[in-house]
Structures are given as C-alpha cells and as structure tokens.
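Construct the entire structure; sequences and hints are all you get.
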Amino acid sequence: GIQVEQSPPDLILQEGANSTLRCNFSDSVNNLQWFHQNPWGQLINLFYIPSGTKQNGRLSATTVATERYSLLYISSSQTTDSGVYFCAGANNLFFGTGTRLTVIP
Amino acid sequence: GAVVSQHPSWVICKSGTSVKIECRSLDFQATTMFWYRQFPKQSLMLMATSNEGSKATYEQGVEKDKFLINHASLTLSTLTVTSAHPEDSSFYICSARDGQGKAFFGQGTRLTVV
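One line per chain: the protein sequences are V and Z, in this order.
Residue numbers for the first sequence follow this note's numbering, so the first one is -17 and each next one is one higher.
Residue numbers for the second sequence follow this note's numbering, so the first one is 28 and each next one is one higher.
Just so you know, these hints were derived from the structure itself, not from any lab.
Think about it this way: if two alpha-carbon atoms lie no more than 25 Å apart in a straight line, the pair counts; the simulated SDA-like pairs of lysine to any residue are:
#1 Lys91/Z to Asn74/V
#2 Lys93/Z to Val141/Z
#3 Lys68/Z to Asn20/V
Quick look at the structure:
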C-alpha cells in the first residue's frame, strides 16, 4: 500500500502561535483528507482536499498533488487544538503516521 | 456533515467468545466502508475495505477468519471478532465513504478481552 509520512511527529506550541503540518505520500493519491482525533478517539473531518487550497476559520490546507504532499496550517493556536492530526488518502484511505500537537497556555 | 454511527462504544468480553461491531451511515449511502484498528498512541491501521454486496478486501496480515466483515446493505457494515483473545483488545474504528469520495468516521469501539 501507499506510504504516508507526516511531520513533525510531535509539536508543542505556545497558545497564539502558528504552525504547519506536512503530509507526504509515496505515490499519487486522491481523496486526500485531514482529520483531528480528539482525546476520546473520535475523528473529526477537517478538510477534503484532493488538490488546491481551502480555508476554514483558523485552519487552512493546501495539497500539491503533482508533488505528492499536503500541508495543514493552524493559525493563532488554542489549547483546544491539542490532539493528533492525521492525513489520509488513496482509494483505500491509508492513514499517515500522525502529528501530536500540544498547545500550552 | 454526514453521520456514521458505530455500536457499541465499548465492550468487554470473555476470551473465546465472539463480538460484533456495527457501523451505520445514517444519512447517506456508502458503497465503501473501511475498518481500522488503532493501538495506543499509534496511527490507524487499515484492516479491510468493505464493499456492499461483495466480499471484503483484507490488508496483508489481517486474518479473514478472525475478523469477519459483512457489508449487507448500503448503510450497514459489521465486523465480528471471532474467538476473541486478549491480544485482540484494541480500539476499532469504521469509516464510510460518501458519493463524493469523502470519508466519515464512527465513534470507535474499545474492545477489551479478559
């Protein structure tokens, strides 16, 4: 299956800081999505972004399909942003390794 | 957004018994559903892809006879863990894909085998 690498694996931010999370794919993917997993395990859909750029409030995402990567931007981070962020893609929806974000007040 | 309901949220069973987990898409039809397993502080590992009306496609290393998947309708897929053992204890999550290619996830099922 497709390999999905995310970076960084862990990230600690001061509240109010900005961050960029990256997702690299070993092959072309479609159906690329970003998720946030909350402490109870629920996966929250953030973006469905096979290509291009989308924004939703303090979050935005960009996918460059030809170069097999996607970026998730978090601006003015809040403590409620803490959790694990995953990207996933391809027909079989393979998941990345995840980025564990901790936002401290 | 679309809603996927997974039941039960948690279950404790005795070693040697079987456990069935249901995954329903409540407000859309899902031709494809996915089953994942997640260990603590790890990513989601795809177990199988379930297509309505056909046999599930299992990922390498996942035992078909151990993890039975049935996708009987466009809104329901079930995962049955047969003859469960303590090493099967884990967090199991299902996902359903809508007609636009977006995947939505259930709440997950925490299985503990004692």
